[in-house]
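**Student:** Protein chains in written order, with our numbering: chain A, 5 to 325; chain B, 3 to 312.
Derived from the structure by calculation, the hints contain no laboratory data.
Do not rely on the hints blindly, as some may be mistaken.
Facing chain A, from chain B, some residues (calculated, C-beta under 7 Å) [said to hold, decoys possible]:
(1) Leu202
(2) Met205
(3) Lys207
(4) Leu252
(5) Ile261
No farther apart than 25 Å at their CA atoms in a straight line, the calculated lysine-lysine pairs in the DSS-like style are these [as the list claims (entries may be wrong)]:
(6) B/Lys122 x A/Lys234
(7) B/Lys122 x A/Lys302
(8) B/Lys71 x A/Lys320
(9) A/Lys254 x A/Lys321
(10) B/Lys129 x A/Lys320
To give an idea of the interface, some chain A residues facing chain B are shown, with a C-beta separation under 7 Å as derived from the structure [as the list claims (entries may be wrong)]:
(11) Val36
(12) Gly171
(13) Ser184
(14) Leu232
(15) Phe308
(16) Met311
Source: prediction; values computed, not measured.
Ideal Cβ positions, reconstructed from N, Cα and C, are used throughout, including at glycine.
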Amino acid sequence: MMREIDEKLRAIDTEIEELSAKTDDYAADVRVKELKSEKKKLLRQCENLTPADKVYLARSIKRPKVDDYINALFDDFFIQRGDFLSKEDKSIYGGIASFHGTPVTVLGHRKGRNINENMEFNFGMPEPEGYRKALRMMKQAEKFGRPIITFIDTPGAYPGLEAEEHGQANAIARNLAEMSSLKVPIIAIVTGEGSSGGALAIGVANSVYMLEHAVYSVLSPEGFASILWKDSNRSAEACDLMKLTAQDLKHYNVIDGIIKEPLGGIQQNPNKVYREIDALLMLELAKYKKMSPNELAKNRYDKFRYMDAAIIEAAKKENQA
Amino acid sequence: MGLLGKTKAELAKYATVLKHSEKEAAELNDDFEPAVVKEKSEKPKTEDGVVEMITCSSCKKEIPAGLMKKNLCVCPECGAHNKISAARRVRSMVDPGTFRKLKCKVPFVNPLDYPDYEEKITKLQEKTGLEEGVLIGVGEIMGQKAMIAVMGSEFLMGSMGIALGEKVTYAFEVADKNKLPVVMFTASGGARMQEGILSLMQMAKTSAAVQRFSEHGGLYVVCLTHPTTGGVSASFATLGDITLAEPGALIGFAGPRVIEQTIGQKLPEGFQRAEYLESHGFVDQIVPRNEMREVVGQILKLHERKRWSL
């Protein structure tokens, strides 16, 4: 459903843009008004989205990308490149920046705004070098006592020949392990699609948030359907089953909170969402400022250690009953 | 499973219960129970006295089951390392009579309400004699005490869901408290799809447990067996201090089929096999199955003392 609405919305946006270029044209003004009210009507249809709608929105090329978030939220961004072992992987983007005067390390998966950018950034699918670069930045953040903020938006780690040869599994595992014991606060935000270990590899954080229409799952719905039913065309069915929306994950205690998006998705009014993220980061960092380095590491360990404890205990109770 | 109706406070209460009961278990030092490691379906001869034959997965020759099993499922004709059950693996590794199972009962959970999932698990438990895709306990390997964890691909491809992740994590925590080395045999297709995102989270949980164990100076020896892929290879399987592999084992993150589809070309001969990984620098040694006990015993012996002295 969302796909059709989104296509109409895009058509309207393009038309409005074209008409707005004409000045002193009464007919054009009228048409713009018409279009705007039509747009409002369409947006109102976006109130109740299905999981498949959210997957569609989460992957939208119109959604802000990691560099948009970094530009909007931080000052004095200094980009860091390379894993200092063999390669610069452009599907991970990050560096040092200032958040209201506090130095922080920021990084995230980088998707493109068009096909050329996507080719360049490998559609946000890192190879081991990308994960090693991320780890290098995070270890450095720990050394200098900087909080870490990560933005998750990836279809998964890149399943390529060289990626495997260079130790994709090992690179992801190393990130999971090392992140679990870093002695600075880590805050992760799933902004688009968070698929599989490739997402989690920069997601072992003290606090994990999701945008309202972001999705986070063990695998893409297509992959899920292909593994379980040997049929990747059943992805819509998989979406319904997988519990991959922010609302589901909040319920399962996998994430700490949801960042609201405007009707029709963040692209309708990104600035509003940036302001919300800004306030959220302020609150989170104030909270973690009170913890010692060891407490921060323990807080993170316990978060993932006991994430499913409630579910296990509930099942035990159910068995006894 | 009725969790959707629970408030946050109720969920938090459950979490504290689990923490508490685990602490108690550790204090009582009551973590282990005597175990008879036995395979459920062990019938070298069928009822009418005909010798059962097993087909080698590699050379496709028919081998008498008794001979195959005596040979630890390594084909006597071609040397291929066929799949071995978790129970048989444990018996092949530990000194007789020393193995005690780690007590860690995790109830069945079905977070996605996946259809027919419970029946599937119950059937597998009956068929394999395992509670989950991993068999964990304490035993002695050539006189050295160690926490031994063996994954069984016979249990839903050794896929990692909540129960398996919990068991592995708990094993590292108990080993940490008791200053035991961990010897792990991995065999897994990856995260268990049927449990959704919570399967993914087991990667973080287990990796964090390995990290803490490692920071406390624990020795972790891992042996990658066929197949070790996906979420298990990208978490505790590749975090060992010493990494061994069995000949010919498939080891990797993405499956070969997915890679071929992605890059649109055929993969080279031997890609993602143990030997390939060794030559690319991700395996210490490839060890044949019949030498495994000795090699692991030797590694444990070399780590017996914390400090050097002459």
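**Student:** Next step is simple, just say for each hint if it's right about the structure.
**Tutor:** Comparing the hints with the structure gives:
1. Leu202: holds (4 Å)
2. Met205: Result: holds, 6 Å to nearest chain A Cβ.
3. Lys207: holds (5 Å)
4. Leu252: violated (11 Å)
5. Ile261: This hint holds: B/Ile261 lies near chain A, its Cβ roughly 5 Å from the closest one there, short of 7 Å.
6. B/Lys122 x A/Lys234: Holds. B/Lys122 to A/Lys234 sits at ~18 Å (cutoff 25 Å).
7. B/Lys122 x A/Lys302: violated (37 Å)
8. B/Lys71 x A/Lys320: Violated, because 38 Å separates the two Cα atoms, which is more than 25 Å.
9. A/Lys254 x A/Lys321: With Cα atoms ~22 Å apart, A/Lys254 and A/Lys321 stay inside 25 Å; holds.
10. B/Lys129 x A/Lys320: holds (23 Å)
11. Val36: violated (43 Å)
12. Gly171: holds (5 Å)
13. Ser184: Given a least distance of 3 Å, the restraint on A/Ser184 holds.
14. Leu232: Holds, about 5 Å.
15. Phe308: It holds, given that the least Cβ distance between A/Phe308 and chain B is near 4 Å, below 7 Å.
16. Met311: holds (5 Å)
Hint violations for this structure: numbers 4, 7, 8 and 11, all remaining hints satisfied.
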